[in-house]
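Asks: Sequence:
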Amino acid sequence: MILQDFYTILQSAIGKMVQLSHTLSEKEWNEIFGLAKKQALVGIMFEGIERLPQEQWPPRNVVLQWTMMVGKRPKTDLVI
1 MILQDFYTIL QSAIGKMVQL SHTLSEKEWN EIFGLAKKQA LVGIMFEGIE
51 RLPQEQWPPR NVVLQWTMMV GKRPKTDLVI
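Quick note: the sequence shown uses my numbering, first residue 1, plus one each step.
It should be emphasised that the hints constitute simulated quantities derived from the structure, not laboratory data. Please read all numbers here as calculations on a predicted model, not as lab measurements. Any given hint might turn out to be false.
Calculated pairs, PhoX-like style, for lysine-lysine (alpha carbon to alpha carbon, straight line, at most 25 Å) [claimed, not checked]: (1) K16 - K37; (2) K37 - K27; (3) K38 - K27; (4) K38 - K16.
With the sequences and hints as input, model every part of the structure.
Replies: So, in structure tokens, the structure goes:
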């Protein structure tokens, strides 16, 4: 299931309008982050996250982890 979620976010990054099929847990987001690092796709995947509906974004601490890795601010303010 994690790979399917990974590919869904990757599709979002390339401009396809998608939504995740379910709400991901913090653990699942961290697994996706690990896959993105392993594949050198952290920045691209972050773009995909930014294009998801905000209610499907990862928890704030996960967003901050991704943001620090890519060295930029999210395009929208995440309110939790």
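Asks: Evaluate each hint against the coordinates.
Replies: Outcome of the hint check:
1. At roughly 22 Å between alpha-carbon atoms, K16 and K37 fall within 25 Å of each other, so this suggested pair holds.
2. In summary, the hint linking K37 to K27 is supported, as the alpha carbons are separated by about 15 Å, within the 25 Å threshold.
3. Taking the CA atoms of K38 and K27, the gap is near 17 Å; set against the 25 Å cutoff, the hint holds.
4. Simply put, K38 and K16 have alpha-carbon atoms about 23 Å apart, close enough for the 25 Å limit, and the pair holds.
Hint compliance for this structure: no hint is broken.
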